[in-house]
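Chains as they are written, first to last, in numbering that gives the first Met the number 0: chain A, 0 to 215; chain B, 0 to 123.
Please keep in mind that the hints were generated in silico from the structure rather than gathered at the bench. Remember, it's a predicted structure, so these values are computed and weren't measured experimentally. Don't be surprised by glycine CBs; every beta carbon is placed ideally from N, CA and C. Some hints here could point you the wrong way.
Cross-link-like lysine-lysine pairs, in silico, PhoX-like; alpha carbons within 20 Å at most [claimed, not checked]:
1. K95(A) <-> K69(A)
2. K178(A) <-> K36(B)
3. K20(A) <-> K118(B)
4. K95(B) <-> K20(A)
5. K20(A) <-> K105(B)
6. K86(B) <-> K20(A)
Computed from the model, here is a short list of chain A residues facing chain B with C-beta under 10 Å [what the hints assert, rightly or not]:
7. T12
8. F14
9. E17
10. L185
11. R189
One-sided and incomplete, this derived list gives chain B residues near chain A with beta-carbon spacing under 7 Å [said to hold, decoys possible]:
12. P2
13. I4
14. N5
15. F11
16. M12
17. D17
18. S18
19. R79
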Amino acid sequence: MWRGILGRKIGMTQFFTEDGKRVGVTVVEAGPCPVLQVRTQEKDGYDAYQLGFDPKTEKAANKAETGHAKKSGNGAMRFIREIRVEGGAELNEGDKVTLANWEDVGEVQVLSKSKGKGFQGVMKRHNFHGLRATHGVKTNPRHGGSIGSLTPARTPSGVKMPGHMGDEWVTQKGLSVAKVIPERNLIMLRGSVPGPAGGYVIIRPTQGYQPPVEKK
Amino acid sequence: MHPIINELEKEFMKKEVDSFEVGDTVDVHCRIVEGEKERVQIFNGVVIAKNGGGINESFTVRRLVQGQGVERIFPLHSPRIDKIVSKRRGRVQRAKLYYLRERVGKATRLREDDRENYKLDTKK
Numbered sequence: 000m001w002r003g004i005l006g007r008k009i010g011m012t013q014f015f016t017e018d019g020k021r022v023g024v025t026v027v028e029a030g031p032c033p034v035l036q037v038r039t040q041e042k043d044g045y046d047a048y049q050l051g052f053d054p055k056t057e058k059a060a061n062k063a064e065t066g067h068a069k070k071s072g073n074g075a076m077r078f079i080r081e082i083r084v085e086g087g088a089e090l091n092e093g094d095k096v097t098l099a100n101w102e103d104v105g106e107v108q109v110l111s112k113s114k115g116k117g118f119q120g121v122m123k124r125h126n127f128h129g130l131r132a133t134h135g136v137k138t139n140p141r142h143g144g145s146i147g148s149l150t151p152a153r154t155p156s157g158v159k160m161p162g163h164m165g166d167e168w169v170t171q172k173g174l175s176v177a178k179v180i181p182e183r184n185l186i187m188l189r190g191s192v193p194g195p196a197g198g199y200v201i202i203r204p205t206q207g208y209q210p211p212v213e214k215k
Numbered sequence: 000m001h002p003i004i005n006e007l008e009k010e011f012m013k014k015e016v017d018s019f020e021v022g023d024t025v026d027v028h029c030r031i032v033e034g035e036k037e038r039v040q041i042f043n044g045v046v047i048a049k050n051g052g053g054i055n056e057s058f059t060v061r062r063l064v065q066g067q068g069v070e071r072i073f074p075l076h077s078p079r080i081d082k083i084v085s086k087r088r089g090r091v092q093r094a095k096l097y098y099l100r101e102r103v104g105k106a107t108r109l110r111e112d113d114r115e116n117y118k119l120d121t122k123k
């Protein structure tokens, strides 16, 4: 059974298990996502579903978006992503993807855009250790040090330097599913999800996940 | 806080929480699992702080054990807490009674609050 869904991060909270342990969870509102288009091997060279999430008002949508969604009988969507599928197509254009069959999903991966950190130095951005604060170091202790040697007398490409950090797509793996509430389109994941509350996320079950064997 | 989160928290929160205030001397009935058996243990002391809100709300109880101050922080909505019984209402002028930590002996006592609008509801 194929599963994958688009959603929006709502925020974090916690609840108690029966034995009194607190569990920190991220609440994600996921679906319903209409299938806007089915990509096939013959036509597109790969199999995937194009899902939409968060409908746009008629006023906000332009004609191209409206026309594209119209083919599957929907209005324009704010967040549209393709999720790959192995082999044949189970779903057709216009089908709605929901959390209805997610009860037995144990673990998921979440893709989302991390919070932007702006222009950051190497210590924050690449976990450099910086320079010594004492012993005659005369420059800023947060500098990165050397960026190359005398030969080849140039800086090799790919050297880690200061720059823009965050605001990039991040895959958070291994988040176990704490609770699924299909009738309210909510899924609760143990742990944190990248990005701000209100940010769009893609959720897909971990491939080949086996629930851990209970230790006695 | 997002309305959906508020709704979810409400479902997990206790419907009724025993009322108590900072400065109260309380008995906290907490269930402990000992091996196979479960029993109720009572932690008695003064509530010196309340923290957090919603399902995250917690309170700190301070007591003296053999002359040594012991503080326990309880999550208010934990299913491990059976009930909280207020024994005595202290008249206090601040929300956090951290100043009690620096006091020993007689100085740790709190004046009882028996004013009409504040005093402990003994009807229950």
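Tested hints:
| no. | hint | result |
| --- | --- | --- |
| 1 | K95(A) <-> K69(A) | holds, 14 Å |
| 2 | K178(A) <-> K36(B) | violated, 29 Å |
| 3 | K20(A) <-> K118(B) | violated, 34 Å |
| 4 | K95(B) <-> K20(A) | violated, 26 Å |
| 5 | K20(A) <-> K105(B) | violated, 37 Å |
| 6 | K86(B) <-> K20(A) | violated, 28 Å |
| 7 | T12 | holds, 5 Å |
| 8 | F14 | holds, 4 Å |
| 9 | E17 | holds, 6 Å |
| 10 | L185 | holds, 7 Å |
| 11 | R189 | violated, 15 Å |
| 12 | P2 | violated, 9 Å |
| 13 | I4 | holds, 5 Å |
| 14 | N5 | violated, 9 Å |
| 15 | F11 | holds, 4 Å |
| 16 | M12 | violated, 9 Å |
| 17 | D17 | violated, 17 Å |
| 18 | S18 | violated, 21 Å |
| 19 | R79 | holds, 4 Å |
In summary, the structure is inconsistent with hints 2, 3, 4, 5, 6, 11, 12, 14, 16, 17 and 18 from the numbered list given earlier, while agreeing with the others.
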